[in-house]
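A.B. asks: Single-letter residue listing:
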Amino acid sequence: MADISQTQAMTAATQTIHRHYQRLLATRRLYSLLALAGVLVVLVFALLFANDASSGKFIERLPYLFDFIKNFVPDDPFEIVRAMFDLPSPYADGSFKYDYEVGRHYLFGTGLYAPEYFYEMLVTLNIAFASTLIGGLFAFLFCFLAASNLGVARPLRWGIRRLLELMRAFPEIVLAGMMAAVLSLGPIAAIFAVSVHTVGALGKMFFEVVENADMKPDDGLRAVGANWFERVRFAIVPQVMPNFVSYFLLRTEINVRASTIIGAVGGGGIGEVFRQSIGRDHAAKTYAIVILLFLTIVAIDQLSGWLRRRLVGNAAFQFGA
Amino acid sequence: MSAITLSEQERHRLRRAHPEVFHRRPWQRWGGLLLVAGALGYLIYCWSFFDIGTKLGQGKWERAGIYMADWVSWEAQPRFRFQPDGSIAIEHQRFSPLGENPDPDWMTVLPDGRKQVTFGSADDRIEIATTDVVAVLDGVAYDIVFDGDAAVLPEDAPATMTEKNGRVTVSFGFAGSAEIRSTQVLVRRRFLGWENFWFDTTSPFWGMGLPAVWSSVTSSERIDPAQSNLSLAWNEFLTNSEWQHGDVFNKLAQTIVMAFVGTLFAALLAFPLAFIAARNVTNSKPANWMTKRLFDFTRSVDMLIWALVFTRGFGPGPLAGIAAIFVTDTGTFGKLYSEAIENIDDKQREGIRSVGASTVEVNRFGIVPQIAPVVISQTLYFWEANIRGATIIGAVGAGGIGLKLLEAMRTNQDWENVAYMVLLILCVVFVFDTISSALRSRLIGKSH
Numbered sequence: 001m002a003d004i005s006q007t008q009a010m011t012a013a014t015q016t017i018h019r020h021y022q023r024l025l026a027t028r029r030l031y032s033l034l035a036l037a038g039v040l041v042v043l044v045f046a047l048l049f050a051n052d053a054s055s056g057k058f059i060e061r062l063p064y065l066f067d068f069i070k071n072f073v074p075d076d077p078f079e080i081v082r083a084m085f086d087l088p089s090p091y092a093d094g095s096f097k098y099d100y101e102v103g104r105h106y107l108f109g110t111g112l113y114a115p116e117y118f119y120e121m122l123v124t125l126n127i128a129f130a131s132t133l134i135g136g137l138f139a140f141l142f143c144f145l146a147a148s149n150l151g152v153a154r155p156l157r158w159g160i161r162r163l164l165e166l167m168r169a170f171p172e173i174v175l176a177g178m179m180a181a182v183l184s185l186g187p188i189a190a191i192f193a194v195s196v197h198t199v200g201a202l203g204k205m206f207f208e209v210v211e212n213a214d215m216k217p218d219d220g221l222r223a224v225g226a227n228w229f230e231r232v233r234f235a236i237v238p239q240v241m242p243n244f245v246s247y248f249l250l251r252t253e254i255n256v257r258a259s260t261i262i263g264a265v266g267g268g269g270i271g272e273v274f275r276q277s278i279g280r281d282h283a284a285k286t287y288a289i290v291i292l293l294f295l296t297i298v299a300i301d302q303l304s305g306w307l308r309r310r311l312v313g314n315a316a317f318q319f320g321a
Numbered sequence: 001m002s003a004i005t006l007s008e009q010e011r012h013r014l015r016r017a018h019p020e021v022f023h024r025r026p027w028q029r030w031g032g033l034l035l036v037a038g039a040l041g042y043l044i045y046c047w048s049f050f051d052i053g054t055k056l057g058q059g060k061w062e063r064a065g066i067y068m069a070d071w072v073s074w075e076a077q078p079r080f081r082f083q084p085d086g087s088i089a090i091e092h093q094r095f096s097p098l099g100e101n102p103d104p105d106w107m108t109v110l111p112d113g114r115k116q117v118t119f120g121s122a123d124d125r126i127e128i129a130t131t132d133v134v135a136v137l138d139g140v141a142y143d144i145v146f147d148g149d150a151a152v153l154p155e156d157a158p159a160t161m162t163e164k165n166g167r168v169t170v171s172f173g174f175a176g177s178a179e180i181r182s183t184q185v186l187v188r189r190r191f192l193g194w195e196n197f198w199f200d201t202t203s204p205f206w207g208m209g210l211p212a213v214w215s216s217v218t219s220s221e222r223i224d225p226a227q228s229n230l231s232l233a234w235n236e237f238l239t240n241s242e243w244q245h246g247d248v249f250n251k252l253a254q255t256i257v258m259a260f261v262g263t264l265f266a267a268l269l270a271f272p273l274a275f276i277a278a279r280n281v282t283n284s285k286p287a288n289w290m291t292k293r294l295f296d297f298t299r300s301v302d303m304l305i306w307a308l309v310f311t312r313g314f315g316p317g318p319l320a321g322i323a324a325i326f327v328t329d330t331g332t333f334g335k336l337y338s339e340a341i342e343n344i345d346d347k348q349r350e351g352i353r354s355v356g357a358s359t360v361e362v363n364r365f366g367i368v369p370q371i372a373p374v375v376i377s378q379t380l381y382f383w384e385a386n387i388r389g390a391t392i393i394g395a396v397g398a399g400g401i402g403l404k405l406l407e408a409m410r411t412n413q414d415w416e417n418v419a420y421m422v423l424l425i426l427c428v429v430f431v432f433d434t435i436s437s438a439l440r441s442r443l444i445g446k447s448h
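These protein sequences, in sequence, are chains A and B.
Once you know that position 57 of the first sequence is 57 in UniProt numbering, the rest is easy, because the numbers rise by one and skip nothing.
Once you know that position 300 of the second sequence is 300 in UniProt numbering, the rest is easy, because the numbers rise by one and skip nothing.
These aren't lab readings, by the way, just hints derived from the structure by calculation.
Check the hints yourself; a few may be wrong.
Calculated cross-link-like contacts (lysine-lysine; reagent style DSBU-like; alpha-carbon spacing at most 35 angstroms) [said to hold, decoys possible]:
id : chain 1 : residue 1 : chain 2 : residue 2
1  : A       : K204      : B       : K55
2  : B       : K335      : A       : K204
3  : A       : K204      : B       : K60
4  : B       : K55       : A       : K97
5  : B       : K285      : A       : K70
6  : B       : K335      : A       : K70
A few chain B residues that don't get close to chain A, going by computed Cβ distances all over 12 angstroms [as the list claims (entries may be wrong)]:
id : residue
7  : P19
8  : R81
9  : L153
10 : V217
11 : T311
12 : D433
Idealized CB from N, CA, C, for every residue including glycine.
Isolated chain A (complex conformation) (with noise of 0.2 angstroms):
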């Protein structure tokens, strides 16, 4: 590209413009430049940091990063398979590397049985589902009180919006552990840690999208007397609903992955088995877990994100956390 400057003979004034742009944007750049300098240094902290920290250091662990791997070979690929129906292995010797066939769970007493990774799983998944019902439930109450735009009283919108904070931001773990020490560990433990999350994420992208709504229907349902409950009802859920539904379903696709997570630590499911078998070297277990959660991951991402297209379009395929 051409410098202008050169083509065109320049007067006083846009030499003075000109050489104030220049100053401005070596001033910018200059401040880029420590910014990211800034980040780098923190970057190299933060590793040293990291590594010193680690019992493995990386540097000299490096040659055998992938040692762990080799191990993880099962026996052959069939083991996968029998790993995952529960059938029995010729590799057979107790222990309880090769026990597929103990995890059945027989149905009503005849000689079906569900096998047990499918039925871990299914207990991850109703943890998901329960949860997201109840916190998309709790959530859709809270929201309309929390949204500024209703003529909700100022200190209630605040109160139940640090609430929803709040229950955003209170470590899982935590939520989980407390029930466990009631209740001990489990399932009960587990949804109650991921409802009471839910809640907080949804509830804040509920009263967003209310304070988006069009307010001319309230208005004019106001025009004919309607009260709040009725103004909400007929004004306000209507122009949601296909928000609160996408929402919901992207809060299922997160519900899964966080129930098999809070599964690892002890609230059961899927999670909880594969934390077993991938610390006890059992790999054809792991593989058969994997393959697993890993469908089922798929599975669910693909048909709510199917739901999500037909409800409200490409628009709303926004990710949130």
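We have chain A; now place chain B onto it with these hints.
C.D. replies: Okay, now just chain B, sitting in the frame of chain A:
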């Protein structure tokens, strides 16, 4: 307001003109109700699937109150043992928060030799002798005598005094309780606050008020000749055996580092990959497809799986957490960035191309300014979310404060430590929320 009256004709006309309002399809009419009913049915199924009713019934709800009280209060448990020679020996629990040789002002010896313990006010106390124990509740005295091996509940005892297996328990509400047996009296005395928060009982600064610590820090007379009082106080604070401030700060820093480094590296790798994945930039179907499937794979294999895999690979510690966040978020960012690139307005690129810019320049000036707001806001958003997420993957061994939280909760003894860590985590989350929204509004304007 006056009511509107419609004639029969008008009604017909309205019905005909707006059939979609008056004749709705069954699905439109009942769909919402059906969905609600389905959700309710599902919740009932879950109730029985997880056997929630039974488990709630089996819960140790009476302990829940104690655990909650432990968040903000602490307990001293002196034991008054009756010796054969008629004297009373006072034993404290191991690692008593009262220190080695406690002489708290709520434990006194009366002129007649009885040991007295007060619970908050002078009207709530017990007086202990080997022959009998006098419990004073709201100023009314009850004499508890011993019959052989059993303590006997007085006739007129109020509901706060109970007897079980020859042991009489006197409850003073929040302030504590006393369990009276024929051989000993076990006192539980509860106080509001976090005990020994600054210095533990073995520290030279223990028991000093803030002004006393300050004056000792500023005075030149050294407690430990090897170091100044200020550094001694700081070390004593960090190595506080009960609160472990140093370790907590270290683990919290690990969590922040995990989120920061993991997110930053993920963004740095995902950014160029997103240009390969976007079909309007890279005109090669296989390259687009491969990169997009790579994103899908790393995103859909859960962060938990990556965390456990890398914990096995790197050993427990923040490196495993960094790697897990990095791999998962590379997929997420890649998907988000490439979608943003595919949705850009193509006119800017055409304009830049028409003045003869190279491919790099076209992308730099034609695409980057358009996607920058999305990239920056999503990256900051996930940075925030990862600080929360790093807490929990830490619990499976990936480093950070998660494991420490889990350990503190396992024993059911250290709920005050859990409260302390939760408070710190909430502060960190709040601070980083503020930083990230400040950065966001500075970098891309208020509207996002």
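A.B. asks: Report the numbers of all earlier hints that the structure fails to satisfy, in ascending order.
C.D. replies: 11 and 12
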